[in-house]
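*Asks:* For chain A, the structure is supplied; the task is to place chain B on it using the hints.
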Amino acid sequence: MSVQSPISSVNDFVVRFANVNGSGSASANELFARSILRHGVPVSPRNIFPSNIQGLPTWYEVRVTEAGHLGARGGVDLMVAMNPQTWDKDVASIEPGGYLFYDSTKPMPTSKFREDISVIGVPLTAITNSTYTDPRQRQLFKNIIYLGALCALLDLDPKLVEQLIGEQYKGKEKLLSSNVHALHLGRDWALQNLKCPIGLRVKKSDKVGDRIFIEGNSAAALGAVYGGATVCAWYPITPSSSVAEAFTAHCKKYRHDPATGKAKYAIVQGEDELASIGIVIGASWNGARAFTATSGPGISLMTEFIGLSYFAEIPAVIMNIQRAGPSTGMPTRTQQCDVISCAYASHGDTKHVLLFPEDPAEAFEFAAAAFDLAERLQTTIFVMLDLDIGMNHRLSRPLKWDDARQYDRGKVMTADMLDEGRDFGRYLDVDGDGIPYRTYPGTHPTKGSYFTRGTSRDRYARYSEEGAVYADNMQRLVRKFETAQDMVPRPLQANAAKPTKYGVIYFGSTSPAMDEAIGLLESRGHHLDRLRIRAFPFHSSVASFIADHDFVYVVEQNRDAQLRQLIVNENGIDPVRLVPILHYDGTPITARFIASSIGDHQDHLKVTPLRKAVS
Amino acid sequence: MTYIAKPKFHHPGLKKNELGYTHRDYEGKISTLCAGCGHDSITASIIEACYELSIAPHRVAKISGIGCSSKTPDYFLGNSHGFNSVHGRMPSVLTGANLANRDLIYLGVSGDGDSASIGFGQFAHSIRRGVNMTYIVENNGVYGLTKGQFSATADRGSKSKKGVTNTDNAIDLVAIALQLGATFVARSFSGDKTQLVPLIAAAIRHKGASFIDVISPCIAFNNHAGSTKSFDYVREHNDAVNRLDVLVGRDPISVDYAPGTVQVVEQHDGTKLALRKLDADYDPHDRLGAQTFLQKHAAKGQIVTGLLYVDPDADDLHTHLDTVETPLNTLDEKALCPGSAALDKLNASLR
Chain A
1 MSVQSPISSV NDFVVRFANV NGSGSASANE LFARSILRHG VPVSPRNIFP SNIQGLPTWY
61 EVRVTEAGHL GARGGVDLMV AMNPQTWDKD VASIEPGGYL FYDSTKPMPT SKFREDISVI
121 GVPLTAITNS TYTDPRQRQL FKNIIYLGAL CALLDLDPKL VEQLIGEQYK GKEKLLSSNV
181 HALHLGRDWA LQNLKCPIGL RVKKSDKVGD RIFIEGNSAA ALGAVYGGAT VCAWYPITPS
241 SSVAEAFTAH CKKYRHDPAT GKAKYAIVQG EDELASIGIV IGASWNGARA FTATSGPGIS
301 LMTEFIGLSY FAEIPAVIMN IQRAGPSTGM PTRTQQCDVI SCAYASHGDT KHVLLFPEDP
361 AEAFEFAAAA FDLAERLQTT IFVMLDLDIG MNHRLSRPLK WDDARQYDRG KVMTADMLDE
421 GRDFGRYLDV DGDGIPYRTY PGTHPTKGSY FTRGTSRDRY ARYSEEGAVY ADNMQRLVRK
481 FETAQDMVPR PLQANAAKPT KYGVIYFGST SPAMDEAIGL LESRGHHLDR LRIRAFPFHS
541 SVASFIADHD FVYVVEQNRD AQLRQLIVNE NGIDPVRLVP ILHYDGTPIT ARFIASSIGD
601 HQDHLKVTPL RKAVS
Chain B
1001 MTYIAKPKFH HPGLKKNELG YTHRDYEGKI STLCAGCGHD SITASIIEAC YELSIAPHRV
1061 AKISGIGCSS KTPDYFLGNS HGFNSVHGRM PSVLTGANLA NRDLIYLGVS GDGDSASIGF
1121 GQFAHSIRRG VNMTYIVENN GVYGLTKGQF SATADRGSKS KKGVTNTDNA IDLVAIALQL
1181 GATFVARSFS GDKTQLVPLI AAAIRHKGAS FIDVISPCIA FNNHAGSTKS FDYVREHNDA
1241 VNRLDVLVGR DPISVDYAPG TVQVVEQHDG TKLALRKLDA DYDPHDRLGA QTFLQKHAAK
1301 GQIVTGLLYV DPDADDLHTH LDTVETPLNT LDEKALCPGS AALDKLNASL R
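In the order they appear, the protein sequences are chains A and B. Sequential numbering from 1 applies to the first sequence in the working numbering. Sequential numbering from 1001 applies to the second sequence in the working numbering.
Chain A with its partners taken away, still in its complex shape (with noise of 0.2 angstroms):
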C-alpha cells in the first residue's frame, strides 16, 4: 500500500478520460460534465483531440470546480484509462495521491501501476460482452457502463444523470432505456464490488445559478444571426468549422420566412479561403451583412483581400478562431498566435479592428457588434476567438439581448438624400472622423454610382497616382482607426486589494485562468492591478494603465509575445516596462503556470532591486 494518502476533495478535482477517437465516448464524456452541473457544481471541461477520424487517442477533461474557476488547472486526480495505447503517460500523469479508473477484465501486471496511486478495476468488457452481442452496442454502452460505475465512485445522484438522459433521448423511449439500463450496469456493479465513494466526491451546490453551458463558435454565430449576417461564406479548417455549421443550424431554426419557408440568409461553402472573403467582401459592398470562419492558415490566404477591404473601405467580418501555428502548425491545439499577422494583415500600410472575447457570452456579444462596427468603420473587423472558447462547452452568463437595440448600418446615402443635393464623395472625410459615406450598388438612376478600386483614388474615387492625394487618403484612414478606437470595447480594470506598483495585462481566453491566478499570487503575497484588453485599436486607458504602474506583466498564449509587440509598436512603451509571460505549448494556459511564472518573478524581485534587474 502508499505511504501517500488518498486526495480527498469534495466537489474540487479534475478527472481526465483518455479515449480512443471514434469510440462514441465523447457525448458519454459530455454526460458526465452535465449531470455534475446539475448538482449545481460548475465544471469546466475541455477537449483534447487529435486531427484525425478514428484511433488516435483523444482526452476529454472534466475540472469540477465549486468555486467556478473555469481555466484549465493542470494535473489529474482521477484518470479513466480507456486508452492502451496512451496508458504508460496517463497513469504517469495522476497527482500523487490519485485514483486511476481501468478496465480490469484482463490482468495487468503490478509494474503498469504506481504505488502512489489508487487503483480501480472495474470489468468493463466482461460486464458489457455478458450483457450485449452487437459489437456496435458493446462499443457505446460501455461508456455508460463506465458512467454509472463514476456514478457510484464519485457519489452522483443517479437521478439527475437519467433525467438528463431522458433529456437527450426524448421520443426514442428504447435508446432512453437501454442507455439508463446501461447506467444502473455499472453503477450497481461498483456499489456491490468497491468502497464506494472514493475521495472525490460530489456534493450538491447551488454555485451554477443561471449559467448556460455552451461553445464559443456556436455562440458566435448566433451573434452572427442577431447581428443581422445574412451571407456566410466558408471553407472548411479546425477549429472554425463548428462557426459555419452552428450558423446553418441556427438559420435554420430562426431565419426562415415563416410564410414561404423560404431563407433569409444565403450560406456558401467557398472552394477555399479566398473565395470565401471575396465572397463576404461582394456582399458587403452590396450592403448585405457578411461573414466567413477561419483560422490561421485561412488568415494567410486572405489577407490580400483584406487589404481591400482596408484601402476600399468595405465592411468584412471575419471570426479566426485560432490554434497552434505557424504553417499547419497542430490544429487542434490551442493558440493566440495571430494577434500581429491580423493587426496588419496585407500589404502595405495596414491596421484593423480586433475583438478579443473572453467567453462564449462574449463572442456572442463581440459577433453582434462586429456587424455594426464593420457597416460602421466600413472595414474589416476581426472576432478572435480561439480554439479553447470555440470548440470547449464553457459556464457563461446567459446572452442577452435587447429588443429595442437597432443595427448600426453606418454611413449609408440613400437616394433621398442624394435628390436633396447632397455632395457625394465615396472618400470625402464630411465629420471629420474620417469615415466617408457610401452607397449601395443601385441606389439612383443617375446619382451616387462610384468605381470601387484597389487602386489609389481620389475623395471621389476617381482614379489618381497622385502622391498628394494618395497620402490625403492614407492620412484619412489612419484618422479613421482613431475613431474606432472609442467605438471597440473597452479594456477592463480590476484592482487588487492593496495599493500595488505591479499590473497584468491580458486577453481573450486566458481570462478565468488569469483571475485564478490572481488569488493564488495574493495567497503569495503578490498583489496585481488587472487590465484586460478587449479590442485593438487599444483605448487610452491601456497606456495609462502601464503608466501608472512600474511594470506591468503581459500574459498571452504565444511565443513571440504577440500583443505586447502591439502595445510596445502602437503605444511607443520602454518594452522593458513590460514583462512576457508566454504559454505557448498547445494546451489552454492555466492559472498554476501564471501564478508560478509572475510569482517566481515577484520572489526574484525582493531579492534583486529593479534598478539592477532591468539594467
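Everything labelled a hint here was simulated from the structure, so no lab data went into it. Small disclaimer: the values here were computed from a predicted structure and weren't measured. Among the hints, erroneous ones may be present.
Capping the alpha-carbon separation at 25 angstroms, the derived lysine to aspartate or glutamate pairs in DMTMM-like fashion look like this [said to hold, decoys possible]:
#1 A:252 - B:1322
#2 A:264 - B:1333
#3 A:253 - B:1325
*Replies:* Leaving out everything else, chain B in the frame of chain A:
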C-alpha cells in the same frame, strides 16, 4: 487619357429606348486602352446590348478582376456601380454581391489571365454554382498590362511577339464552362459586333450562369503573324454555327427567315432567341454534342463561335439556396433578429 473629361452634351434628337435613355446614358469614361484594342469593341457591344434591352443603367453591377479587360467596366455604364476587385477574384466578389441583392443584373468582366490562370478556380466554381450572371472573358491570349507574356489560353505552337513559341497546352474556357454546367455558353469575336451584341443581350436575359468567351485581339502584343489570337487569324478561322436575334417582350418576330432555318428558344423571362442556323447539324440544346463538336473543330484549327449551348429552363444559386424573393440587403432587424424571447428559450435549453 483619363485627364480628358468626356463631354456630357449630345444631339437633342438622339434616339431613346423604351425607358427614355439614349445610347450616351450607357457610356462610361474615355477608354485608356490602346487605340484599336479589341476590348473597346466589346465595351461598345455591352453598351449597345444594354441600350437595346432598355435596362435601367443603375440596376447593373459591373464587377471585374485585374488586367486590361478588368479596367473596361470604367468605360461603360457610368451610372452603374463598378468594382475593379482583386486579380482572379471577380467570380467570388460577384457571387457575394449577387447573394446580397438578387434584383440587380450582374456583369462580370474578366480576361484570360484573370480567369484561366490566377482565377481558374474561381471561374470554375462560380459556374458550377450557377450564379445568375453574365460572365464575359475578353480573351486575347496574352498578358497586356505586363507587356506580352503568354496566358493560359494561348494555343500551343503559337508565337509571341518576341518570337517565342508557346509549348503549353491551351485552356479552352468554353469547353470547361460546358463541362461545369453553365446554362448559357457562347463564343464570339470582338471584331464581329453583329454577332456579339445579341449574344450579350441574350446572356443578360438568361437566368443562370452565362458565359461568353470573346476572342479580342491585343493590338499591342498579340496581333502578329504566328499568333492564333490576331484579327487576321480569327477572321480566317472563325466558324460561326449560328446567328442570333434577341426578341424581348411583346416584339413580334419581324425578321424574315427562310423556313426551317430558324430555331426559336424562349427563356424564362419571355425573351425569345431566334437562332439562324449556319451549321445545319448544330444543336445548341445538346451539351454533350456541343463538347464533341468543339473538340472536333478545334482539332482542325477552327474557332467555333455563336450560341453554343443554352438551357432556357435553367435555375440559379438563389433557387438552390431557396432564398427569399426580397433582396437580403434590404432585410432589417425585424426580419433578421430572433429577439430576446427566443434567446431566453435557448438559454433555458442550455442548462
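*Asks:* Evaluate each hint against the coordinates.
*Replies:* Okay, the hints, checked on the actual structure:
1. A:252 - B:1322: Distance ~12 angstroms between residue 252 of chain A and residue 1322 of chain B Cα, so the pair holds.
2. A:264 - B:1333: Judged against 25 angstroms, a Cα distance of about 12 angstroms means the pair holds.
3. A:253 - B:1325: holds, 19 angstroms
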